[in-house]
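> Heads up: the protein sequence lines correspond to chains L and F, in order. Residue 165 in the numbering used here is what sits at position 165 of the first sequence, and the numbering runs on without skipping anything. Residue 131 in the numbering used here is what sits at position 131 of the second sequence, and the numbering runs on without skipping anything.
One or more of the hints may lead you astray.
Below, a list of computed lysine to any residue pairs in the SDA-like style, where the Cα atoms sit at most 20 Å apart [said to hold, decoys possible]:
1) L:265 - F:249
2) L:135 - F:247
3) L:76 - L:88
4) L:248 - F:259
5) F:272 - L:268
6) F:91 - F:322
7) L:272 - F:249
8) F:4 - F:33
9) L:269 - F:258
10) L:241 - F:136
11) F:274 - F:91
12) L:265 - F:254
13) F:91 - F:289
14) L:135 - F:237
Pulled from the structure, derived: some chain L residues nowhere near chain F, Cβ distances all over 12 Å [as the list claims (entries may be wrong)]:
15) 26
16) 80
17) 94
18) 166
19) 181
20) 196
21) 207
22) 313
Please keep in mind that the hints were generated in silico from the structure rather than gathered at the bench. Note that the structure is predicted; figures quoted are calculated from it, not measured. Virtual Cβ for every residue (Gly too), placed ideally from N, Cα, C.
There are 2 protein chains.
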Amino acid sequence: MAEKVIIAVDACGGDNAPGVVLEGVGQALSQDPDLEVLLCGLPSVVEPFAASHDRCQAHPASQVIEMGEHPAEAVKEKKDSSIVVGCKLVKEGRAQGFFSAGSTGACLVSATLNIGRIKGVKRPALGIILPGARKETFFLDVGANADVKLDYILQFAQMGCVYASSVMGVENPKVGLLNIGEEDTKGSLFAQDAFRLLRDELPQFAGNCEGGDLLNGGFDVVVTDGFTGNVALKCVEGTSKMLFTLLKQVFMSSTASKLGAMLLKGSLKDLKRKVSPDTYGGSPLLGIDGVCMVGHGSSNATAVCNGILSGCREVRAHVGDKISAMVGAPGREVA
Amino acid sequence: MAEKVIIAVDACGGDNAPGVVLEGVGQALSQDPDLEVLLCGLPSVVEPFAASHDRCQAHPASQVIEMGEHPAEAVKEKKDSSIVVGCKLVKEGRAQGFFSAGSTGACLVSATLNIGRIKGVKRPALGIILPGARKETFFLDVGANADVKLDYILQFAQMGCVYASSVMGVENPKVGLLNIGEEDTKGSLFAQDAFRLLRDELPQFAGNCEGGDLLNGGFDVVVTDGFTGNVALKCVEGTSKMLFTLLKQVFMSSTASKLGAMLLKGSLKDLKRKVSPDTYGGSPLLGIDGVCMVGHGSSNATAVCNGILSGCREVRAHVGDKISAMVGAPGREVA
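Generate coordinates for the entire structure from the input sequences, incorporating the hints supplied.
Pasting the structure below:
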């Protein structure tokens, strides 16, 4: 039997909330018998669902933070929103993790303010598991910190190592620094300084990683600032989306191609699943004193389910404790 | 009849030089009857080719700058290299443009040192035409300047407008700033400052462009610093490469899929051509006092041919004169 885990879930976050969120919660509850969900959101949404599901408690919240709202202002003003209520359940120790497919910005602000950082962590970082032709890569920061200092980058790399080794099961993760050339002397002045710091302080550091190598599995963890990381992630997602759109056009272009596409249907679906962000369903916000998973706004039920289950894995892997042990210890002793 | 154009070509640059370069030069000469090529490189390479082709002159160079060499040192030391010889032909007015598929870094350094910048241009920028599902986008800087100042960004945007309108034929190009959110207040402090500057000084400015929107044709020109731009470009290329690799695996996975792939072969080739960097064959280095096109190291003959022809188009469009007129004029009077 797995360790019991309690996750607070924002029932009202995401483009397709609450429908797909509730469906995803239902799937997660049935896939993980040791999961308990605290469902946060409008009473009319969370109460009937909790009443009809085992291991699910309703935590009414009278407000919803919308996607377009200014994150910091919304979190400050909407103290009874599902995002704030969910984070507070983690802070109070009533849940070990929080999942939302709502506003990423509001989740970052609320997690930082209402749950707080792990002692010693300078800034939390948002990570994501990228698919690859050979293997997966953990990539951070993908948007929590648009402006970073040098020492944040080292901590991001350390937190990435913890996640890769304890959640993704990578032994001795190889860490790369996202840069615009492979050689030591390449890149912006900041990237050059970051290279030297990582080389000197992080035993797992293995060199620079170019944008084109992000998906080819040469590194287990790739680290960058939240501006470059967000641009890079969106470029990967955007290119993939464009190519699938163009492929669809190719498939519909003639009778022969329609037939060809029919024969490929099953394997193409597998491919699409492989590269889809729904497979993990969320980005872990590392460095927060509790698990916090942020899902894509466009999450479907599978993504929500997988996001919640990824949160459970992070809780069971004791990622927070390991990060805490690491940032307190000198760089060279990182596990 | 089109205007006569003389392009100096580095015969020894690129992973597959000189074979594919010579083949590409041959194709370009036969496609453009008003093109003349000054072929720079080892005498044993350039002399026999020039002797057997009309409108092609040999310009022997005794040295070759290899891909792995330090750009600035190589350009300084190898004064009789094909890259330096080619740029000097432009400086002396004997050629109007230079094309090389060799070391991008060495081309940037040599073009800046040996040809020089247009008066008023603070830094040259490397641009690229990105394919898209709906239409193309001109994207810069993709790597000439890892560290930039605010006023460089404005000039990059202005030079991008000139290229898009005069070479790509876009009327009233819409300019976007690569950023990590659409709203005015999003992004790093630098990106926020750049947003305000572009909004105030560039009539063509239309707002922030997220990484995911780079390929969807919402903007005609997207501007960023050379670090972010290079990462973004490599991510787009890397994702495309990974997906085609995975597609190939899908196609070979069963008898049915092999048959399906056969039926799709022709249209998939069209798709691959559409998103291939070979279609334009090179990145224009804007802001240099003469045309300079840098090809991919892995260029094939088609890419070399298209790179040379893109250079001709830039010469005939008088891009340099237009940039010169623009940087001398106040921001609001940009064409």
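> It remains to establish, for every hint, whether it holds in the given structure.
To see whether the hints hold, each was checked on the structure:
1. Restraint check: the Cα-Cα separation between residue 265 of chain L and residue 249 of chain F comes to about 14 Å, which is no more than 20 Å; the hinted pair holds.
2. Between residue 135 of chain L and residue 247 of chain F, the direct Cα distance comes to roughly 16 Å. Compliance with the 20 Å bound is thereby established for this hinted pair.
3. Note on residue 76 of chain L and residue 88 of chain L: the hinted pairing holds, with a Cα-Cα distance of about 13 Å set against a maximum of 20 Å.
4. A distance of roughly 18 Å separates the Cα atoms of residue 248 of chain L and residue 259 of chain F; the hinted pair therefore holds under the 20 Å criterion.
5. Distance hint between residue 272 of chain F and residue 268 of chain L is fulfilled; the C-alpha atoms sit about 17 Å from each other, no more than 20 Å.
6. For the hint pairing residue 91 of chain F with residue 322 of chain F, the CA-to-CA distance comes to about 19 Å; that is within 20 Å, so the pair holds.
7. This hinted pair checks out: residue 272 of chain L and residue 249 of chain F have alpha carbons roughly 13 Å apart, not beyond 20 Å.
8. For the hint pairing residue 4 of chain F with residue 33 of chain F, the CA-to-CA distance comes to about 9 Å; that is within 20 Å, so the pair holds.
9. Taking the CA atoms of residue 269 of chain L and residue 258 of chain F, the gap is near 16 Å; set against the 20 Å cutoff, the hint holds.
10. Proposed proximity of residue 241 of chain L and residue 136 of chain F is supported: the alpha carbons are some 16 Å apart, at most 20 Å.
11. Using a Cα cut-off of 20 Å, the hinted pair residue 274 of chain F and residue 91 of chain F is violated, with the two alpha carbons roughly 35 Å apart.
12. A threshold of 20 Å between alpha carbons decides the hint, and for residue 265 of chain L with residue 254 of chain F the separation of about 12 Å falls inside it, so the pair holds.
13. This hinted pair checks out: residue 91 of chain F and residue 289 of chain F have alpha carbons roughly 8 Å apart, not beyond 20 Å.
14. Pair hint residue 135 of chain L plus residue 237 of chain F holds up; C-alpha atoms about 18 Å apart against a cutoff of 20 Å.
15. No Cβ of chain F approaches the Cβ of residue 26 of chain L within 12 Å, the least distance being about 30 Å, so the stated non-interface status holds.
16. No beta-carbon of chain F comes within 12 Å of the beta-carbon of residue 80 of chain L; the shortest separation is about 25 Å.
17. The Cβ of residue 94 of chain L sits about 33 Å from the closest Cβ of chain F, beyond the 12 Å cut-off, so the non-interface label holds.
18. Every C-beta of chain F lies more than 12 Å from that of residue 166 of chain L, the closest at about 27 Å, which supports listing it as non-interface.
19. For residue 181 of chain L, the shortest C-beta to C-beta distance to chain F comes to about 8 Å, within the 12 Å cut-off, and the non-interface label is violated.
20. No Cβ of chain F comes within 12 Å of the Cβ of residue 196 of chain L; the nearest lies about 16 Å off, and the non-interface call holds.
21. Here residue 207 of chain L stays apart from chain F, with its beta-carbon at least about 15 Å from theirs, past the 12 Å limit.
22. The claim that residue 313 of chain L lies off the interface holds: its Cβ sits roughly 25 Å from the closest Cβ of chain F, which is beyond the 12 Å cut-off.
Hint compliance for this structure: hints 11 and 19 are not met, and every other hint is.
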